[in-house]
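Guided by the hints, dock chain F onto chain A, whose structure is given.
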Amino acid sequence: MKRLFFTLSLLLCVLVVAQAQVGVMRTSSYGAIKKEKKPKKERPQRTYEWTNTILANYALSLKGPSHNIGLTYARCKLAGFYTSAMVGTEWNFATVEGAPDDYFLTNKTSHPRISVTAGPMVRLVIPLYIYAGIGYAYRPTNYQTIDNQWVNARYASPVHGGNAEGGLMGNIFGFTLQAGYSIIFDGHSLLVHELKFGVGYTF
Amino acid sequence: MKKLFRTILLLSVISLLAACERDYQYETYNECITIEATDVTRTSAKLYLYLGYSSSGGAYYNSKKFFKVSDNIDFQNAQTFEAERAYDYVYDSDYWYFSYEVKDLKPNTRYYYYAFVQSNNGVNEVRGETMSFTTKPLNIPTGAAKGLFSVSSTKQVFFAKGNLQYQASTGTWRFAENQYDYIGDGNLNVSATYSGWIDLFGFGTSGYNGRYPYNTWDDDTEPYGNPNGDLDGTNYDWGVYNAISNGGNQKGLWRTMSKSECNYLFTKRTNASQLYGQAQIAGTNGLIILPDDWVTPTGISFNSGIQYYTTNTYTLDQWAKMEQAGAVFLPAAGGRCFRFNSQYSGYNDIEMRDVNVEGYYRLSTVNWYNNKPSMGYIFNFMNNDGSLGGSNYGSMEMAWSVRLIRNDQ
Numbered sequence: 034m035k036r037l038f039f040t041l042s043l044l045l046c047v048l049v050v051a052q053a054q055v056g057v058m059r060t061s062s063y064g065a066i067k068k069e070k071k072p073k074k075e076r077p078q079r080t081y082e083w084t085n086t087i088l089a090n091y092a093l094s095l096k097g098p099s100h101n102i103g104l105t106y107a108r109c110k111l112a113g114f115y116t117s118a119m120v121g122t123e124w125n126f127a128t129v130e131g132a133p134d135d136y137f138l139t140n141k142t143s144h145p146r147i148s149v150t151a152g153p154m155v156r157l158v159i160p161l162y163i164y165a166g167i168g169y170a171y172r173p174t175n176y177q178t179i180d181n182q183w184v185n186a187r188y189a190s191p192v193h194g195g196n197a198e199g200g201l202m203g204n205i206f207g208f209t210l211q212a213g214y215s216i217i218f219d220g221h222s223l224l225v226h227e228l229k230f231g232v233g234y235t236f
Numbered sequence: 062m063k064k065l066f067r068t069i070l071l072l073s074v075i076s077l078l079a080a081c082e083r084d085y086q087y088e089t090y091n092e093c094i095t096i097e098a099t100d101v102t103r104t105s106a107k108l109y110l111y112l113g114y115s116s117s118g119g120a121y122y123n124s125k126k127f128f129k130v131s132d133n134i135d136f137q138n139a140q141t142f143e144a145e146r147a148y149d150y151v152y153d154s155d156y157w158y159f160s161y162e163v164k165d166l167k168p169n170t171r172y173y174y175y176a177f178v179q180s181n182n183g184v185n186e187v188r189g190e191t192m193s194f195t196t197k198p199l200n201i202p203t204g205a206a207k208g209l210f211s212v213s214s215t216k217q218v219f220f221a222k223g224n225l226q227y228q229a230s231t232g233t234w235r236f237a238e239n240q241y242d243y244i245g246d247g248n249l250n251v252s253a254t255y256s257g258w259i260d261l262f263g264f265g266t267s268g269y270n271g272r273y274p275y276n277t278w279d280d281d282t283e284p285y286g287n288p289n290g291d292l293d294g295t296n297y298d299w300g301v302y303n304a305i306s307n308g309g310n311q312k313g314l315w316r317t318m319s320k321s322e323c324n325y326l327f328t329k330r331t332n333a334s335q336l337y338g339q340a341q342i343a344g345t346n347g348l349i350i351l352p353d354d355w356v357t358p359t360g361i362s363f364n365s366g367i368q369y370y371t372t373n374t375y376t377l378d379q380w381a382k383m384e385q386a387g388a389v390f391l392p393a394a395g396g397r398c399f400r401f402n403s404q405y406s407g408y409n410d411i412e413m414r415d416v417n418v419e420g421y422y423r424l425s426t427v428n429w430y431n432n433k434p435s436m437g438y439i440f441n442f443m444n445n446d447g448s449l450g451g452s453n454y455g456s457m458e459m460a461w462s463v464r465l466i467r468n469d470q
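Residue numbers (the working numbering), protein chains in the order written: chain A, 34 to 236; chain F, 62 to 470.
The set of hints was computed from the structure by calculation and includes no laboratory data. Every residue gets a Cβ at the ideal spot worked out from N, C-alpha and C, and that includes glycine. There is no bait here: all hints are sound.
DSBU-like cross-link-like pairs, simulated, lysine-lysine; straight-line CA separation at most 35 angstroms:
#1 141/A x 125/F
#2 329/F x 129/F
#3 129/F x 141/A
#4 110/A x 63/F
Sample of chain A residues at the chain F side, in silico, Cβ under 7 angstroms:
#5 133
#6 136
#7 179
Calculated from the model, a selection of chain F residues having no Cβ within reach of chain A, i.e. all distances over 12 angstroms:
#8 271
#9 319
#10 360
#11 368
One chain only, chain A, in its complex shape:
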């Protein structure tokens, strides 16, 4: 069921971005008709110029769940690259040894996460880009004990592991929007799925 919801969520996000891009294209066509009535000075084509994009990100880790923020920088012409760094919003590191079974817990959890990813991106259609990348992530799951200490649950989720992601970026109303999917893994623990959103500016 969770997987179904996740898949549906991902598809809908893609649809939202795609819908936005369609809106942009139609707006451009409508603008072209209006241009017959009031001709504008033709803007120079930037299609094959390098563009730089900076986005502020929010990512929702579906397991936890936990919230994350970060920054993405992208440089692209027809193709290019991007890099992104994310941090969590919960910063309680493990303060005691052992496993959660050794303690009495409040079941409140904390995920002090950092991650760095990078990868290529390609322009699909103006102004929609697709990107995919890999990197490193640190995201332990720590449980609060009844005396306000924190203990790490080593096998509840990955602690150190890889981070793979992909998604779409597109320009609308002068802003750049981003929607993507990210996954943290370490090979033997449960995967952590994330949905990533961004808003920024392209120049």
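Chain F in isolation, oriented as in the chain A frame:
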């Protein structure tokens, strides 16, 4: 189009929320409930605790449950007991009741206790409410010494406050006024009409069925003991058949200790070897037996074991403190035996032996020989013997001391 767009956005948010999954929820103890004690006796009580909500069974194995018990609300010098699953409580399907039966409590004392559960590594602790119970008072029967003595794993008894005595002229039974009292040579005056007191008796001479307490060795036809076996529960037992004038004055209140009970008393009860020892009280030699819950009075010392009577020497005042704390003293009253006369190739008289030298105390158990009861078991002690001669047996005709016991109700 805008409506479609908003619908898609709304569905996206709902889908996102639905796709979220909480981290694994471990068992949490948000309550450890102390439950009212049950089965409260003079010396024991059963304590229960209940663990509040828990989401899985894992921590049942990973935590420890305890009771802290003290006779003061500040829990100074408190004892800690680990609880076990309470299979007998409420219903079987509930796994979260735990209990412990606390023992060796003081009678008529208010005890405070609380339950607590501790994490596997002992770091975290959840404590329950402090509760209390009061042990039942100790009702000392008339004619009994104060202490309680275990004679089996489930039974405690009182000892009579003195050796059994009999006055033939009036048919009166009584306990000696003091624990260290014995008649000694006066026993040689034994007869069916003797107006003095005797305190040495042949086996089973309760007066029932021709077994008279004044029976002596001088007539081979004099019967002794129960022809069917032990004295236990029969009228051949002095305490069963007779009313003891200063011991409640009713039949059936007292009885004679059996061989197995004697063995348990001296060898099997908790700290058994530390709870008896030879002593001398104001010149009277004997054996001191201490109660299960013995606490040596302030200013008094006691050395356990069988060595010399003078190992423990007490004045009457010191003994009074010991007695007040529950100690029992059995005087070395000796025995009334036959006098062997070689001129007639047999015994023809009685004599006293080992007065204030050796103690012989009758038990209710007989030794069988050729398929019939032949001798009565006793336990005896003497100076410089090195051991307690418990559970020996001897002739039924020999007259030895009797110290009756009474079951704790």
